[in-house]
Amino acid sequence: MTDDIWGETDDIHNREWTKMDDGFTNAGYREGITAGKENSLQEGFDEGFAIVGAPLGQEIGKLRGITSACLSLSKSIQEHSVMMDCKDILRGLDNLHFKDLAPSDVEAEEHLKEHLQSQDDTQNIPALLEIRDEEKHKLAVETLKELRNRLQDVLRQIGLPITVV
Amino acid sequence: MFDIQDLVHLEQDFFDAGYKDGYAHGRLHGLIEGRALGREKGFEIWEEIGFYEGFALTWRNMYENTLSKEDDGEKMQTVSLSPISVSHIRHLLQLISQFPKVNPTSVLIRGGSDMPTDSSNLHRTPQPDSELDVSALLNNIRSRYKALCASLGVRARVVGSSVANTDVKVEEDASDHPVPSRIGKKPKRTVWKINIGDEIGNDTHTSSDDIAVPGIGGLMRLRTN
Chain A
1 MTDDIWGETD DIHNREWTKM DDGFTNAGYR EGITAGKENS LQEGFDEGFA IVGAPLGQEI
61 GKLRGITSAC LSLSKSIQEH SVMMDCKDIL RGLDNLHFKD LAPSDVEAEE HLKEHLQSQD
121 DTQNIPALLE IRDEEKHKLA VETLKELRNR LQDVLRQIGL PITVV
Chain B
1 MFDIQDLVHL EQDFFDAGYK DGYAHGRLHG LIEGRALGRE KGFEIWEEIG FYEGFALTWR
61 NMYENTLSKE DDGEKMQTVS LSPISVSHIR HLLQLISQFP KVNPTSVLIR GGSDMPTDSS
121 NLHRTPQPDS ELDVSALLNN IRSRYKALCA SLGVRARVVG SSVANTDVKV EEDASDHPVP
181 SRIGKKPKRT VWKINIGDEI GNDTHTSSDD IAVPGIGGLM RLRTN
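Residue numbers (UniProt numbering), protein chains in the order written: chain A, 1 to 165; chain B, 1 to 225.
Hints are computed from structural coordinates only; laboratory data are not their basis. Just so it is clear, the structure is predicted and the values come from calculations on it, not from any experiment. Treat the hints with care, as some may be off.
[Claimed, not checked] Derived, one-sided and incomplete: chain B residues facing chain A with beta-carbon distance under 7 angstroms:
1. 15
2. 21
3. 25
4. 26
5. 27
6. 31
7. 38
8. 39
9. 46
10. 53
11. 102
Ideal Cβ positions, reconstructed from N, Cα and C, are used throughout, including at glycine.
Kindly produce the complete structure, drawing on both the sequences and the hints.
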């Protein structure tokens, strides 16, 4: 008799306990996740800006600026083949996309995989973040290298001592 | 004896445990999302600045080449720059050398520890001076570039006019113009500093009611950009 009564009470205790645990833990989790995100967003931004965005942007921009100036010069000195080359290089640079050029964010991709495995947000996950297309990345890096070489040729032809390779 | 205080404390313990886990998870998401935003913005701004830099450097080289080859009878002699152009080039490069490669506008001071108990511990101390400077500097650089183009007789297109998306390609004729065509978006001043309320606050608050474990809500915004 007594055993049964205690057993039942234990069950209730456990259920209540678990309910309370879940309820408060989840509430804490929700508040924590918001606070954590707010607190680190700027830090991430500054990191991405300084380590990846700015240097890569400067690199590409500079190539375009140099090519642009070469194009103007080639027009004024009537160098048609150089002119066509410059236009071609500019077009090539236009077709390069930052997404393909940038190094992948390893931490982001790993975390995305964790989400995919735990399946807690499966509907949303594919839209949240793409894992970079390695093929596209390789191609973009390859193309950039090629464009650099071509620009170097142009600079040599015009006789400018600028090094871009 | 049963003490009601214990129970209250217990609730707090559960909450704190959840908060700690959530904070770590949220921090990871903030870093990931922030990095993605910062990469794009850094690229966008510096592609424009880099363009001016390469443009000015090349013209300076042509000018120096012309000076050094004056008697060689080579084709470089046909490029003679006016003193005004030379001065514009010098000023432009000087301005560009001042342009920051790290985000200068935001300094985060966390409330004593890496895990504050609430978000009010987060104080951002923008440095108004440097923020103003960057914005003014960018405008100066753009004006100087345009002035240089005018003095060279080369057409410069207005930055920030048509292209709204960094991925949008301009029509092929545009390659004739010395313009950073993919940098259409005029950088907003606020861009340097993330406004947390606008960027993620709304997202997370709306979703937190029905999802115990919020997803990578913010990252979705990147896709829509």
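Results of checking the hints against the structure:
1. Hint on residue 15 (chain B) holds. Least Cβ distance to chain A is approximately 4 angstroms, under the 7 angstroms limit.
2. At its closest, the beta carbon of residue 21 (chain B) sits 6 angstroms from a beta carbon of chain A; the interface hint therefore holds under the 7 angstroms criterion.
3. Because the closest C-beta pair between residue 25 (chain B) and chain A is about 5 angstroms apart, less than 7 angstroms, the hint holds.
4. Taking 7 angstroms as the C-beta contact cut-off toward chain A, the hint placing residue 26 (chain B) at the interface holds, the least distance being around 3 angstroms.
5. With 7 angstroms as the threshold, the beta carbon of residue 27 (chain B) comes within range of chain A, its nearest partner Cβ sitting at about 4 angstroms, so the hint holds.
6. With its C-beta approaching chain A no nearer than about 4 angstroms, residue 31 (chain B) sits inside the 7 angstroms limit, and its interface hint holds.
7. Because the smallest distance between the Cβ of residue 38 (chain B) and any Cβ of chain A comes to about 3 angstroms, under 7 angstroms, the interface hint for this residue holds.
8. Checking residue 39 (chain B) against chain A: minimum C-beta separation of about 4 angstroms stays under 7 angstroms; hint holds.
9. Annotation: interface hint on residue 46 (chain B) holds; nearest CB of chain A at approximately 3 angstroms, less than 7 angstroms.
10. The beta carbon of residue 53 (chain B) comes within 6 angstroms of a beta carbon in chain A, closer than 7 angstroms, and the hint placing it at the interface holds.
11. Because the closest C-beta pair between residue 102 (chain B) and chain A is about 4 angstroms apart, less than 7 angstroms, the hint holds.
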